[in-house]
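Protein chains: 4
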Amino acid sequence: MRALVYHGPGQRAWDVVPDPAIDRPTDAIVRIDSSTICGTDLHILKGDVPEVRPGTVLGHEAVGTVVEVGSGVGTVKPGDRVLVSCITSCGRCRFCKERRYGLCMGGGGWIFGHLIDGLQAEYARVPFADTSVYKVPEGLSDEQVLFLADILPTAYEVGVLNSRVEPGDTVAIVGAGPIGLAAILTAKLYTPAHIVAIDLDDGRLERAREFGADVTINNGSEAAVTLVQQLTDGLGADVAIEAVGVAETFELCTELVQPGGRIANVGVHGHSATLHLEKLWIRDVTITTGLVDTFTTPQLLRLIAEGRLDATPFATHRAPLAETMAAYDVFGDAARTHALKVVLEAAPVGEELMESEEVTVGV
Amino acid sequence: MRALVYHGPGQRAWDVVPDPAIDRPTDAIVRIDSSTICGTDLHILKGDVPEVRPGTVLGHEAVGTVVEVGSGVGTVKPGDRVLVSCITSCGRCRFCKERRYGLCMGGGGWIFGHLIDGLQAEYARVPFADTSVYKVPEGLSDEQVLFLADILPTAYEVGVLNSRVEPGDTVAIVGAGPIGLAAILTAKLYTPAHIVAIDLDDGRLERAREFGADVTINNGSEAAVTLVQQLTDGLGADVAIEAVGVAETFELCTELVQPGGRIANVGVHGHSATLHLEKLWIRDVTITTGLVDTFTTPQLLRLIAEGRLDATPFATHRAPLAETMAAYDVFGDAARTHALKVVLEAAPVGEELMESEEVTVGV
Amino acid sequence: MRALVYHGPGQRAWDVVPDPAIDRPTDAIVRIDSSTICGTDLHILKGDVPEVRPGTVLGHEAVGTVVEVGSGVGTVKPGDRVLVSCITSCGRCRFCKERRYGLCMGGGGWIFGHLIDGLQAEYARVPFADTSVYKVPEGLSDEQVLFLADILPTAYEVGVLNSRVEPGDTVAIVGAGPIGLAAILTAKLYTPAHIVAIDLDDGRLERAREFGADVTINNGSEAAVTLVQQLTDGLGADVAIEAVGVAETFELCTELVQPGGRIANVGVHGHSATLHLEKLWIRDVTITTGLVDTFTTPQLLRLIAEGRLDATPFATHRAPLAETMAAYDVFGDAARTHALKVVLEAAPVGEELMESEEVTVGV
Amino acid sequence: MRALVYHGPGQRAWDVVPDPAIDRPTDAIVRIDSSTICGTDLHILKGDVPEVRPGTVLGHEAVGTVVEVGSGVGTVKPGDRVLVSCITSCGRCRFCKERRYGLCMGGGGWIFGHLIDGLQAEYARVPFADTSVYKVPEGLSDEQVLFLADILPTAYEVGVLNSRVEPGDTVAIVGAGPIGLAAILTAKLYTPAHIVAIDLDDGRLERAREFGADVTINNGSEAAVTLVQQLTDGLGADVAIEAVGVAETFELCTELVQPGGRIANVGVHGHSATLHLEKLWIRDVTITTGLVDTFTTPQLLRLIAEGRLDATPFATHRAPLAETMAAYDVFGDAARTHALKVVLEAAPVGEELMESEEVTVGV
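Residue numbers (our numbering), protein chains in the order written: chain A, 14 to 376; chain B, 14 to 376; chain C, 14 to 376; chain D, 14 to 376.
This is chain A alone, in the form it adopts within the complex (with noise of 0.2 Å):
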């Protein structure tokens, strides 16, 4: 099969492999049909992720078809429509009980594209299918969930839940780009008084708003925590979402929060922040930091089904599977390209896949 190869830092290719076969009773071998490229695939690129070894086949996030399951596996079978999502778990250690499978001891976790072959792929073999696949609700496309993989329980769980969002809230977000933005969309969901969008970017702060934030604010730091004041009266937001992955931006999210205020960092950091406990320490307020579980992919495909949550904006780009290069490149350019997230979409089966399609830009 065809798959998109990881070579080393700055190497990638859509090569030729093997296909991937049953290895384990609770494996299943999925049919890719729409898969998606993350920012993360962007930093192993870089080298920033050293444990991902060359010829690696990258990806974490995929709608699919399953072809073939182990002897151990139950609960889904050839034919099943699925999401795949980024977060594998093995349902057994302790973690896993604890619904938190991103801490996943038994050899789950995030594993596709970093410490097995992942989702930029013909087909992939997906371990303990029975604990890490959802069915896909009968008359949704591949479009509306393929989002559930990764950018949106992240940004609900990492973002929204940790920092408990109620109604009446004002929320600042600081970061507008996929992360950022499906923060917004999801912490809709609890009715804040004000969401309010923090970037460098007038671009990405435009998005904010078509994503429900309802203040937005291309500036220093000062002048946000000044704006944020003026909405409260003068106490400051009920909850900061980093949502960037740098020091200022943590410690900005640390000024922006009331007492009593609720941090939730979702951003992935390569160096340490500044925490003023001399200013904190008597300010009641709670940091959380964490990585997906994915334990509320029910919940959010639930409130796709029924409507209640739209997802397909983020789609901004989509190109064939074989395009997956020249995609790569356009997620790659967001700065010029606007690309939110590519969706890669495979032949329809039977059709032979055409290397030669253009990437298609724009909704």
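Calculated directly from the structure, the hints in this document are not laboratory data. One should not assume that every hint holds.
Copies of the same chain look alike in the list, so a pair counts if it works inside one copy or between any two.
Straight line, CA to CA, 20 Å or less: simulated EDC-like cross-link-like pairs of lysine to aspartate or glutamate [claimed, not checked]:
hint, residue 1, residue 2
1, Lys148, Asp246
2, Lys148, Asp93
3, Lys292, Glu268
4, Lys148, Glu111
5, Lys90, Asp155
6, Lys201, Glu219
7, Lys59, Glu291
8, Lys292, Glu64
9, Lys148, Glu264
10, Lys292, Glu264
11, Lys110, Asp246
12, Lys292, Asp61
13, Lys201, Glu319
14, Lys201, Asp323
15, Lys201, Glu179
16, Lys110, Glu179
17, Lys90, Glu135
18, Lys90, Glu151
19, Lys59, Asp323
20, Lys59, Asp342
21, Lys90, Asp32
22, Lys110, Asp28
23, Lys148, Asp227
24, Lys292, Glu261
25, Lys148, Asp323
Go by the hints and put chains B, C and D onto chain A.
The following block gives chains B, C and D in isolation, referenced to the frame of chain A:
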């Protein structure tokens, strides 16, 4: 009357000052029967709390007897024996209505011996008496309840409740001074599997064992981390409580906890700490800070009244109120005197205060 | 002044009564600008609430202007426009400190138009003013906030919060009268997948759809259970809210919920119900009851001020305060008039009350 | 092998039956080392549980040794010493993913000695072994962990956790049989102020005191209510736990709790009860029901391993497994024998089972 008056950094005296009087309808005047000295009083004397103006009576912990109430006071009356807590509450502002009395915006919060005259005195004016004092249950001595004025609710609310200690948890407590010991005492209410006390003083660690720690370690951070991992199948503590107030001990707490663990900062910090987000972003940790609210005072009073909690071991030393100056010397030299708390005892009503009595050392 | 006075079962009159006066230092006197009639007032008139003594002014919902305050009142002053809520709070007793103002043991709780004179009057004495009234945010009309005096916090706290509605839930609401409609309105704050309204009156069900129910059923219990199961893969509702107050509707709620579901009773019951423990013991259900505490009033005010919640559709009818007698007729005959709430409007200050004006019917 | 077989109402025998064998890849075969008899087994023998077909091996509580595993089992292997719990979990269905294993829809839940052959046998087939057994920590005896198979997690989860017992609470436990005693034992983990045991048998109440109740009453409902009110300033219990399973004791619980109190039903009911909504609607009570999920088994194992919890006092009687018939007689006549739990002990491996040994009475 006589009172312990702050006269600027390094300066204190047992002065004659005017008797306090009702200033607002919600005030009460309380005769102080027992008071005590807090580490914070020593900080004030060092000049670390510049809001305290010279001339202020110090002290924010007392048991006393109401002698007069303002016209708006409805629930306490002269003759009532009451606990006067470090935190007063207006009962009306947003934060008081959310039980965050420590953040009171209506004139309460921590004000005794800070923004108004305090409780190391023969009498004191207590604002918002209806919402700020607690009747002492019949049959309880001053010493049984005195430490509910600050140290016990601080350790319980900001340490044990914020970190959500549960039965079977391994709880690491960094710092075995009075606050750390109070955290040990109140963590036991939830039957953890292990309470690990970490300190650099063997005498304090012996106290920690007396108060209920089952594991103690006097050693550098690395050894503490190793020890806690050994107790927890390599995972780390469920909970780490910071009870010192310096960057190193806070940072140690973040290394002690397991993925999914909770870190409660109780210490008062004068400087920032480094937050290793490059490690913590993926570890699902929760960090909390806070000032005591004293909302658990009724609960703690009930536990003491029913014999489920005993705070009297904190009373290592006693002195007549008139000997407050000498008592400060004893408390300030805890490294040598091993004082945890010095109880300042007013003379029985009718007896003249004898300033020549000696401070009694020892239980 | 004039007021609506209860004279025993079936007897009410628009009487001249003495003006209220400050009785305790914590009282305020409020000029009533807008008031309204509650279903409970009709119950009182039927003689169902024998604690109400003849001679009592009825009414427990109003927006007004402070005209005088007692010496102990510190946070409101003459001229302040305030919401006067059905629940007053002493702010000092165990239950008030736990935010359970409806259970106040210090003289508060539901007392207006019940144990003391109420709010269908030109003026009213408001006890515990500091902890019992809420300043109306600038720019909001009386009608925008009036229904926060009872109906909205009742449905929100006792129905929606007690039953812990979450995004994606299926919420069954039994009864589509004013309380049921308020439950629909406030359940939407949490973005449930479905709100199913169940009633025996098609007119009410049409209203339910206007307020936000997406499924309605006018039918016997069996059909309702079947319908809800169809919506939920055969499991049943996540949440059932009882908004009628009779045994049958409560029992229906216990049949509607899925294993693990929550049942919130909001209705006022005069008789016992049968609890089918032989079925329910194994089904992990949670049943809650409660009187409103109004602790969410500031949150609901914020949602209204920011345009996230609109309670004005409850104002189906309006009448001058002087026409309160006629307004009772309109409200009491809701089956014909389709009245949800009748707003009683005081004449502008300075204008004499004209008793001849007509009740206006319609929005 | 030999096993205790149900032959219809009133009929049981110690039969020779076929050895169990692996049926699905997720199965394990366990040699039973210790088993015990539950009150539910007596119900089955009375014919109260018609789903149990004649021919079924009874028993749902055991400690054993794995002798064989299916191809899909990944976390246990032959030779592992395991607790086999009353609840099995498929680990994959909606309810298992929510930790509600008792409601498992994938073939688990309570099935041993109910829908499939049980554990009062020499060997047993354990479905879903990976998610349904717990390794016994080294150094713990069978008897130390055996009662975690049902009685302890039942009382803890359905009684203590559902009712949210907190330090300082007054907890009323109605029924001092094995489940009531287990509720006493596990409520103590949270240091309540009082544990009040209510029963009609003085012998049981003496046991209740041994297990940790500090107040006991053998008397009608009225006296119990009065006593509890005396302990709580007239308010009533914070928590009432029903541990009998009849309407009267459930109704007593609703009278025992204070406004805002929690009632946890643990008893298995055959009939409905009367719910006095005409009193309760205004009292802010929470009522919960439930079957055990065993999600706390790891936590309880840790508490036992660390010496914080001791369940061995339940083992009032012991018998060789071969004497299971006689053991039923002892357990079934608890009023006379005062048996709490009879431990059925398999012969050491290699020894032939001797059917002539006597049941030993007494600890």
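A quick look at each hint next to the structure:
With identical chains, the CA atoms of lysine 148 and aspartate 246 are at most 20 Å apart between copies only, with a shortest distance of 14 Å across copies and 46 Å within one. Proximity of lysine 148 and aspartate 93 under a CA criterion of 20 Å is satisfied intra-copy only: 7 Å inside one chain copy versus 35 Å between copies. In this assembly of identical chains, the alpha carbons of lysine 292 and glutamate 268 lie at most 20 Å apart only when taken from the same copy (10 Å versus 22 Å across copies). For a Cα distance limit of 20 Å, the shortest separation of lysine 148 from glutamate 111 across copies, 17 Å, qualifies, whereas the shortest one inside one copy, 22 Å, does not.
For the identical chains of this complex, lysine 90 and aspartate 155 are intra-copy neighbours only, at 19 Å inside a copy versus 40 Å across copies, given an alpha-carbon limit of 20 Å. For a Cα distance limit of 20 Å, the shortest separation of lysine 201 from glutamate 219 inside one copy, 17 Å, qualifies, whereas the shortest one across copies, 27 Å, does not. Taking the shortest Cα distances, lysine 59 and glutamate 291 sit within 20 Å of each other only across copies (17 Å), while inside one copy they are farther apart (37 Å). Taking the shortest alpha-carbon separations for lysine 292 and glutamate 64, only the inter-copy value of 15 Å comes in at or below 20 Å, while the best intra-copy value is 38 Å.
Taking the shortest alpha-carbon separations for lysine 148 and glutamate 264, neither the intra-copy value of 40 Å nor the inter-copy value of 35 Å comes in at or below 20 Å. For the homomeric pair lysine 292 and glutamate 264, the shortest alpha-carbon distances inside one copy (12 Å) and between copies (16 Å) are both at most 20 Å. When the C-alpha separation of lysine 110 and aspartate 246 is checked against a cutoff of 20 Å, the pair qualifies only between copies, where the shortest distance is 17 Å, while the shortest distance within a copy is 43 Å. When the C-alpha separation of lysine 292 and aspartate 61 is checked against a cutoff of 20 Å, the pair qualifies only between copies, where the shortest distance is 14 Å, while the shortest distance within a copy is 33 Å.
With identical chains, the CA atoms of lysine 201 and glutamate 319 are at most 20 Å apart both within one copy (16 Å) and between copies (14 Å). In this assembly of identical chains, the alpha carbons of lysine 201 and aspartate 323 lie at most 20 Å apart whether taken from the same copy (12 Å) or from different copies (17 Å). Within a single copy, lysine 201 and glutamate 179 get their C-alpha atoms as close as 10 Å, and across copies as close as 13 Å, so both meet the 20 Å cut-off. When the C-alpha separation of lysine 110 and glutamate 179 is checked against a cutoff of 20 Å, the pair qualifies only between copies, where the shortest distance is 17 Å, while the shortest distance within a copy is 27 Å.
Proximity of lysine 90 and glutamate 135 under a CA criterion of 20 Å is satisfied intra-copy only: 18 Å inside one chain copy versus 36 Å between copies. When the C-alpha separation of lysine 90 and glutamate 151 is checked against a cutoff of 20 Å, the pair qualifies only within one copy, where the shortest distance is 16 Å, while the shortest distance between copies is 40 Å. With identical chains, the CA atoms of lysine 59 and aspartate 323 are never at most 20 Å apart, being 32 Å at best within one copy and 50 Å at best between copies. Taking the shortest alpha-carbon separations for lysine 59 and aspartate 342, only the intra-copy value of 14 Å comes in at or below 20 Å, while the best inter-copy value is 61 Å.
In the homo-oligomer, the alpha carbons of lysine 90 and aspartate 32 lie at most 20 Å apart inside one protomer (19 Å), although the nearest pairing across protomers, at 32 Å, exceeds that limit. In the homo-oligomer, the alpha carbons of lysine 110 and aspartate 28 never lie at most 20 Å apart, since the shortest distance is 38 Å inside one protomer and 38 Å across protomers. Taking the closest pair of Cα atoms, lysine 148 and aspartate 227 never come within 20 Å of each other, the shortest separation being 35 Å inside a single copy and 25 Å across copies. In this homomeric assembly, lysine 292 and glutamate 261 come within 20 Å of each other (Cα to Cα) both inside a single copy, at 16 Å, and across copies, at 17 Å.
In this homomeric assembly, lysine 148 and aspartate 323 come within 20 Å of each other (Cα to Cα) only inside a single copy, at 18 Å, whereas the closest approach across copies is 38 Å.
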